[in-house]
Amino acid sequence: MTQTEKKVFARTEVLTSQQTHYCPGCGHGIVHRLVAEALDHFGLREKTVCVAPVGCSVLAYKYLAIDMSEAAHGRAPAVATGVKRARPDLFVFTYQGDGDLAAIGTAEIVHAANRGENISVVFVNNAVYGMTGGQMAPTTMLGQKTTTSPAGRNLQSEGSPIKVAEMLSALDAPSYIARVTVDKPAAVRKAKQAILTAFQRQIDGKGFSLVEVLSPCPTYWRMPAAKAMSAIEDTMVKVFPLGVFKDKEAANGNQTA
Amino acid sequence: MSRIEINPELCKACEVCLAFCPKDCIQQSDTLNRYGVYPMQMKEAAECTGCTLCATMCPDTAITVYRTVVEKAQNQEAST
Ligand SMILES: Cc1ncc(C[n+]2csc(CCOP(=O)(O)OP(=O)(O)O)c2C)c(N)n1
Ligand code: SF4
Ligand code: SF4
Ligand code: SF4
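Here the protein sequences line up with chains D and X, keeping their order. Residue numbering for the first sequence follows this note's numbering, beginning at 455 and increasing consecutively. Residue numbering for the second sequence follows this note's numbering, beginning at 529 and increasing consecutively.
Keep in mind that the hints were calculated from the coordinates and are not lab data. Since this is a predicted model, take the numbers as computed values, not measurements. One or more hints might be untrue.
[To be verified] 25 Å max Cα-Cα, derived DSS-like pairs, lysine-lysine:
(1) K460(D) / K551(X)
(2) K571(X) / K681(D)
(3) K571(X) / K638(D)
(4) K638(D) / K551(X)
(5) K660(D) / K571(X)
(6) K571(X) / K461(D)
(7) K617(D) / K681(D)
(8) K644(D) / K571(X)
Using the sequences and the hints, build the whole thing.
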């Protein structure tokens with residue numbers, strides 16, 4: 455009998471060694487890792503520009519060892535459009551929260567998607583505004599209590615949550631739109647696959663892709679981190695179903711990775 | 529036995545790894561890190577299988593997993 459020890463899980467160098475400012479159990483950390491591993495997979499570390507949002511992940515440039523640009527709140531898809539058109543040789547993606555993308559940045563994301571810009575979007579939906587103190591977001595679920603909907607979101611006065619993946623899938627141009635989550639190991643692996651597929655579309659020049667990630671915000675869901683993970687399946691997935699909502703390559707009969 | 533290493537300066541003691549380890553291998557250490565957190569560590573007699581579930585879920589990518597693979601020597605069966 456011989457015993458060998460293999461390192462089967464280690465931190466990619468696309469993540470800096472710095473501790474993040476995210477709260478314990480925050481889903482942003484998992485999504486950062488998946489993005490970093492996907493960039494590593496395609497060897498894109500030195501050829502990438504990420505446009506960061508305004509929100510908790512505004513400091514993502516400290517954690518991803520790649521070139522980054524900031525954008526005014528919600529305007530990341532517009533900035534990414536400019537970067538990609540000026541430098542089509544670079545890989546360009548935005549990383550945005552739901553307050554950033556689905557509230558103040560609604561116009562920018564809709565038109566970037568509708569133009570079929572050859573960029574990728576990683577959209578982190580945690581159903582609240584984290585950075586500013588847990589206010590209601592356009593993605594807050596009916597009945598969900600936030601600091602600005604203390605009695606729970608009300609259909610009559612606040613409307614129902616915006617389903618970004620479904621909404622953008624109604625447009626003609628986008629190549630790939632999927633919704634995933636990071637609440638358990640199998641889901642995390644699926645989320646990584648979706649990010650790889652989305653990034654591949656840009657590499658192949660196929661145009662716009664977006665991956666919506668249902669992600670826990672234990673602080674403003676006001677629950678322990680492990681409970682916030684299980685709350686995703688218990689509540690969020692019922693409102694925001696998982697799946698691939700648009701896949702032009704599959705529609706063209708091509709196989710998706 | 530397989531094993532994990534938890535970087536004590538990255539761990540925020542969120543306990544997500546604890547909830548996902550099927551072998552109950554993880555516990556909180558009693559040494560504060562420089563952020564004032566008691567980070568997680570592997571238990572001494574843990575029966576870690578190197579399944580990577582804890583590392584897959586860690587929001588801070590603090591866990592490295594080393595899997596021990598036992599290979600039977602090729603001529604073992606013949607010699608017994
Ligand atoms: C023009 C402008 N309006 C408002 C704000 C305040 N603001 C900062 S972050 C944020 C929302 C962030 O929420 P989200 O995008 O969901 O990201 P999270 O923090 O939850 O990751 C708001 C409204 C701002 N920075 N700039
Ligand atoms: S407030 Fe929420 S989204 Fe922001 S870092 Fe904390 S857990 Fe994450
Ligand atoms: S999941 Fe990661 S950060 Fe959370 S307690 Fe475990 S090792 Fe620490
Ligand atoms: S690798 Fe698997 S068995 Fe080992 S500590 Fe992590 S979850 Fe537990």
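- Query: Tell me, which hint numbers fail for this structure?
  - Reply: Failing hints, ascending: 5 and 8.
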